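Q: Going line by line, the protein sequences match chains A and B.
Read in order, the letters of the first sequence correspond to residues 1 to 122 in the working numbering.
Read in order, the letters of the second sequence correspond to residues 1 to 422 in the working numbering.
Hints are computed from structural coordinates only; laboratory data are not their basis.
These figures come from a predicted structure and were not determined experimentally.
Incorrect hints may appear among the rest.
Each pair of labels, with its calculated beta carbon distance range [stated by the list, open to error]:
1) GLY121(A) x ALA334(B): 25 to 35 Å
2) ARG126(B) x LYS45(A): 31 to 41 Å
3) GLY121(A) x ARG126(B): 33 to 43 Å
4) GLU62(A) x GLU387(B): 22 to 32 Å
5) GLU147(B) x GLY72(A): 27 to 37 Å
6) LYS45(A) x LYS154(B): 28 to 38 Å
7) VAL400(B) x SER88(A): 11 to 21 Å
8) ALA106(B) x ARG74(A): 52 to 62 Å
9) ARG74(A) x LEU165(B): 50 to 60 Å
Straight line, CA to CA, 25 Å or less: simulated DSS-like cross-link-like pairs of lysine-lysine [stated by the list, open to error]:
10) LYS26(A) x LYS41(A)
11) LYS26(A) x LYS45(A)
12) LYS39(A) x LYS17(A)
13) LYS17(A) x LYS141(B)
14) LYS26(A) x LYS409(B)
15) LYS89(A) x LYS141(B)
16) LYS270(B) x LYS249(B)
Backbone N, C-alpha and C define an ideal beta-carbon position, used for all residues, glycine too.
Each chain, written out:
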Amino acid sequence: MTIMIVDDSATMLMSLKTGLTLSGFKVEEANCGQAALDKLKTGVKPDLILTDINMPGMTGLELIGKIRVLPGFRFTPILTLTTESEASKRAEGKRLGATGWLVKPLAGNDLIKVIKQVLPGA
Amino acid sequence: MIDRKIRLRKIRNRLVGHAALGVICNLLAWYSLSAAQGFSLLEHWQRNIGLFFVFILLPGIFLIFTNWSQARSAVSDMWAFGQRSFEDISRELATRKAIEEDIKDAKPYINVMHNQIGDSLADSEREVMGVIEQIGILNAKANHQREHIAQSIKNGLELTANTELRVQNNKEIIAAIELQLTMQTDEFRSNFERIQGMAGEVGALTPLIKVITSIAQQTSLLALNAEIEAARAGSAGKGFSVVAFEVRKLAVASTKAAADIAEKIRATCKRVEEERVQALESLEQHEASSAMTQLVSDLGDMQVEFCKNSQLLLEVITEVDANYAESVTRLVEALGHIQFQDVMRQRMEHVQQALEQMRDHLLQLSDIANCPGWDCQFQTTFKSLLEAHLSQYKMASQTVTHLAVAGGKTDSDHSHPAIELF
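This is chain B alone, in the form it adopts within the complex (with noise of 0.2 Å):
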């Protein structure tokens, strides 16, 4: 009996002695635990309390009340389990610490996306203002186009105006040119059958001194007969013979002159002939050339395709001054698309500052999670913020958006037309 209380004694001892061991370590454990926390130990102890009776106060207790082999299992059991709780609070501390990491380097990289947006709104805005400034340029040039265009129609204008006054005073110039012309061939053409007609009556002298040459020969050989005759007769044919021989000198006289006359006639002739040739010649030549009266004729053509042709001009100038105002209404309306970057960018702004939203309150909850004494209740949520955007949206499109991906409901009307008159 004394021995079993001897031994029991002993047993209780050790007990006792493996209890305050298992204590001892456990403390120190949960000392390291705080350490690396940054705790106090009494403040771990706060905090775990639950853990601490779990851990600690039971399996003393019950290694007291309990007998060796179920003390050991038990305190076995409780170091395995200390020791599993240890590397799992070791492990949740290290992914907190990497996420705790983590969310701190989302804010550069909420930062650089911010950025990249702003920047993007920037060089956007920096092009459309150059195409602007591009089509502002065009348009001064067309401007300046439209202007010359103007001017060449009222030059065009006054242009065709002067021309078919010009034209109807030529017309009757080009008709006086024209009559002076019929005057001057008839002229020609008149001469020309005088000429031929004083050639005709000449050349009708010709068989005239044929008949003179004839009449002279017959005369002066009838003379020379009478003079034989004479002859013949002795002295009684002397008177005679002197007549004879006078009408010989007459026939002679005669044949002569018909020689010399049929010579002047033939030179007649011959300068007649010269001068209806020349005349002939030259009404032909003036018939003929009409030089000056195609002149005439191209001068009064080109008169009316000059006139022609200022009429087209003055068309296809208001055609251009058409056109002009065509482009003018499509640049005014490639202009209004052009609002379409402002719409952009502050749909692209609304973007930034739900990014700023989002990077601040991961930093909130990365300073919570080391915060002592909190409540484990979040200010903000990002559902909070999801929801509050809904109201703060300008145009019916960011609304659409945001209910096709995230649902819920608005307030917010944004049905009335693009264009409202009051």
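Extracted from the complex, chain A is given alone in its bound form (with noise of 0.2 Å):
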């Protein structure tokens, strides 16, 4: 199965996708909201997408909004994975179509049991 990370930070892309290859997924990254959807438009079509919230240019929250308007992604999960743990930030992933809400730091199996947890077949 593959999964889409987005984050800004040179040292979550390189630990996630260490972690995920371990735990035997395939591993798509992007390091910006632009760059996530730039990929999609252009046929990558990940089982999961994990993005931050934070991010210089397109935050992960008007990502969220973009990609559940593109054709084939309104039911394609999609986790946060962030620091922003403020209730409202939350309450606007959630409208925006978020799956779930992810405060970092979260330990590496926690996720990985998240991921296997919203993805039933991985």
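Two independent chains are provided; combine them into the complex using the hints.
A: Printed below as a string of structure tokens:
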């Protein structure tokens, strides 16, 4: 199964990619919201999207809103992985179509458990 | 009366003169201060009109309407006060200038600290990426090993299956060889027993040789006696003498034949005995050496041992595979902890922003002091800046630290769990 990770932090991208690959997932990465959108528009079809919220340029919340209107991505699970823990931001994420809200730092195996919970076949 | 009037006029003139002198001196002092502060005399007068009345106008009026001693005392006090004021103002100006200079130096100070944090974050990020890279390399190698292990498991299973099959086949061959060896042993034993029996039978002929020899000797002796008796009988015993002679020849021939037979029987006995000894040696060697039997037995044991070791190897390989899976779990856990670096980076970036705000605010303070017409109202204060942070925090930990140090209230709600599925 393929997971797209979107984060402006190089360390986050690298650690998530390594951890997910170790756990048997194929990984697509993007260092900003626009790059993620471009990949999705060019045919990349991840089974799950894991995005940061506070990113320069397009925020994670904006990205979620734009992904949901793309054809074929209405029901793709989107999880956020962010330091943002404010309730109002969570509510906005939920309204825009996020599947879940994960707050950093999250134990590596907890992340894998949540992904497997969201993707039962994983 | 006239003298008194004249004297009073003189005093008044002197008072006016002193007052005028005082006013001029104060104006000069005022001018000097204004110039030092960079203001015009008029601006300075406007700014300090109260002081002007206190230090110049009122003393002048007072001097005009009082007597000389009081005026002199007042002028003296005023002069001393003026001098003190001048010193105080000069000191205040010097202090303010020094503070302004120091506040301006806060800019490089804060910039340095800002960049120190930035560089530390960059170092930290580089090192963390190095750690992740090493973990990636470790994983790649471990994965390579895992593939080897998987291949080894496959090969091990095949090897074990093949070995078991071969052992089963070899068991049948070994049983056939063992049977063959047993038959050979039996044959050796049978041959030996037969030769031994033959040797016994041949040995049993030896007493017969003695009997034949004894008969031949007695016959020869009897023939000799018969010849003697025939000779004593004279012509009557001639015929008997011939018979006795023939009998003695026969006895000699019998003795010789018995000797030949005895010799041949001894030779036969000797050969049979040699055959028996050789057969015995062969049997004993065949039974004692048992090298082939041992080889066959060892081969069987070796195959059993090999099967057992193959199973053990399979268990070891399976355990290594399980340990690899455990290592992967722990590596994933460690990679999760590396997210801490990103959390720390964001907190530090917030501190950097706060430092920039502090720097800008200090520079504004420095500029405001020299701004003419300033209404003594700060557009921004440290208090307002600090309070503004409360609504800017992203993490619950930031808010907790803030409230613990500075107190206050916040409308932010960070009470939700770290994992929330909608």
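Q: All hints are to be evaluated individually against the structure, with a verdict given for each.
A: Hints, one by one, checked against the model:
At about 27 Å, the CB distance of GLY121(A) to ALA334(B) agrees with the hint of 25 to 35 Å. At roughly 34 Å, the beta-carbon separation of ARG126(B) and LYS45(A) lies within the given 31 to 41 Å, and the hint holds. The beta-carbon spacing between GLY121(A) and ARG126(B), approximately 38 Å, falls within the hinted interval of 33 to 43 Å. Against the hinted window of 22 to 32 Å, the Cβ-Cβ separation of GLU62(A) and GLU387(B) comes to about 28 Å, which satisfies the hint.
Between GLU147(B) and GLY72(A), the C-beta spacing of about 35 Å keeps the proposed range 27 to 37 Å intact. As the Cβ distance of LYS45(A) to LYS154(B) is approximately 34 Å, the hint placing it in 28 to 38 Å holds. A hinted range of 11 to 21 Å holds for the C-beta pair VAL400(B) and SER88(A), which are about 18 Å apart. One distance hint, 52 to 62 Å for the beta-carbon pair ALA106(B) and ARG74(A), holds here, with the actual separation near 54 Å.
Here the CB-CB span from ARG74(A) to LEU165(B) is close to 57 Å, well matched to the stated 50 to 60 Å. Taking the CA atoms of LYS26(A) and LYS41(A), the gap is near 19 Å; set against the 25 Å cutoff, the hint holds. For the proposed pair LYS26(A) and LYS45(A), the alpha carbon gap of about 11 Å is at most 25 Å, so the pair holds. With a CA separation close to 17 Å, the supplied pair LYS39(A) and LYS17(A) stays within the 25 Å bound.
A C-alpha spacing of about 17 Å is found between LYS17(A) and LYS141(B), which places the hinted pair at or below 25 Å, so the restraint holds. Annotation: proposed proximity of LYS26(A) to LYS409(B) is violated, straight-line Cα distance about 45 Å (limit 25 Å). For the hint pairing LYS89(A) with LYS141(B), the CA-to-CA distance comes to about 42 Å; that exceeds 25 Å, so the pair is violated. Distance check on the hinted pair: LYS270(B) and LYS249(B) sit about 31 Å apart at the alpha-carbon level, beyond 25 Å; violated.
Hint violations for this structure: numbers 14, 15 and 16, all remaining hints satisfied.
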